Amino acid sequence: MSALPITESDLHAYLDGRLPAARRGEVEEYLARHPEEAARIAAYHAQDEALKVLFDPVLDEPVPQRLLRRPPSLLRHAAIIAWLALGVVIGWVGRDLGPDGIRADMPAWAHRAAVAHVVYSPEVRHPVEVAADQEAHLVNWLSKRLGADLRVPQLSALGYALVGGRLLPGEQGPVAQFMYQDGKGQRLTLYVRTNADDARETAFRYARENNVGVFYWLDRKLGYALSGEMDKDELLRVATAVYRQLNP
Amino acid sequence: MNEFGTQIEQLIPRLRRYARALTGERTVADDLVQDTLERAWNKLHLWRRGSDLRAWLFTIMHNTHVNQVRSRASATIVPLDAEAYDAPVRATQMDMLEIRDLESALQRLPSEQREVLLLIALERLSYEETAKALGIPLGTVMSRLHRARERLRTLLDGAPGNGTSLKVVK
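Protein sequence lines correspond, in order, to chains D and L. Residues in the first sequence are numbered consecutively from 2, following the working numbering. Residues in the second sequence are numbered consecutively from 14, following the working numbering.
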């Protein structure tokens, strides 16, 4: 009975123990007749064994604690809620969208601020890019990116501590988001944009999208939007304090 | 959920072994495992109960690794952990090969060849499981496996400290 020629794949399958017994015998006969091939396969075998010698000890190492942390179910819930809320906001805003996708009664940038609030405020592990303990760096960095001297309002007198901030893409370039949090974990975000000179109004405006209230106003070249899931009076109290600090 | 958690935790040592061999550095490897686990938790709903959890995790790790390699293509990674160099040595079984040479030769293989070789020779996945985990055809698995083993042999033959280059292994 003439056997099929031995292929390279046969040799590897032999090595990996993946050949049926009959074929295994044929490969062994072939190797007996071809010592150079046998040497090559022996070298492969030695390599494979060496890999085990080299890396099997990892199996016995204690697993670092950071790999054993299961995500708290709260985190997953928060993420789901954030997405739901975002969907609601988009749906809610979309309700009034004109053909250009812009709401007549709310500027697009204030809407972006509300969406950014909904996206980042539920973040448990990465709410900000630069935390409050590096406040000077945070302000320098964002000022440089926005090309404007930014100031971070201090709201601790109102019960809100600075969490930190991040850079976000706006309509025309970078925008900044600062995040604050009270003792119960309730969060506020202050969205700051540049190039606000296209705007005509400087008054405080208020809009509400589902749970998120937004106060927004323009101040010289900068636009501010303060967002939070709280009632209008409380948000106004904070917005007023922010405005006063920025215009002493 | 808890059943899933327990199964995942039992597989962590194997994920770490594979990641260590794949990346060659302890810290980088554990970062890869951590990212893989986080993705797995987030994609829990995509895992079909009863299917092979280990193969699924290797798939996630593969995708995570590809993304990381791509994003670090121009960056140099400096190991922070000196222990990364403490390769365990059990030389008695290893008369022909220098462990240290093997480690560096392995890292000189193209990443896609290294993955295939490690899944098959170290993790003992079948050829079909490997194809599925990496999302490539079976024929590609075979050709990468052939090239990986041969390339490794050539590298080790020519490795310094291994005597004359291109010596025939008997």
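Derived by calculation from the structure, the hints in this document are not laboratory data. This structure is a prediction, so every number in the text was calculated from the model and none was measured. Treat the hints loosely; a few may be bogus.
Straight-line distance between alpha carbons at most 35 Å, and here's what the computed DSBU-like set of lysine-lysine pairs gives [unchecked claim]:
{"no.": "1", "chain 1": "L", "residue 1": "K145", "chain 2": "D", "residue 2": "K185"}
{"no.": "2", "chain 1": "D", "residue 1": "K222", "chain 2": "D", "residue 2": "K233"}
{"no.": "3", "chain 1": "D", "residue 1": "K145", "chain 2": "L", "residue 2": "K145"}
{"no.": "4", "chain 1": "D", "residue 1": "K185", "chain 2": "D", "residue 2": "K233"}
{"no.": "5", "chain 1": "D", "residue 1": "K145", "chain 2": "D", "residue 2": "K185"}
{"no.": "6", "chain 1": "L", "residue 1": "K56", "chain 2": "L", "residue 2": "K145"}
{"no.": "7", "chain 1": "L", "residue 1": "K145", "chain 2": "D", "residue 2": "K233"}
Rough simulated footprint, nothing fancy, chain D against chain L, three-plus residues with beta-carbon under 8 Å [what the hints assert, rightly or not]:
{"no.": "8", "segment": "17–30"}
{"no.": "9", "segment": "68–80"}
{"no.": "10", "segment": "143–150"}
All C-beta atoms, glycine included, are put in the ideal place defined by N, C-alpha and C.
- Item | Unmet hints by their number, sorted upward, for this structure | 1, 3, 7, 9, 10
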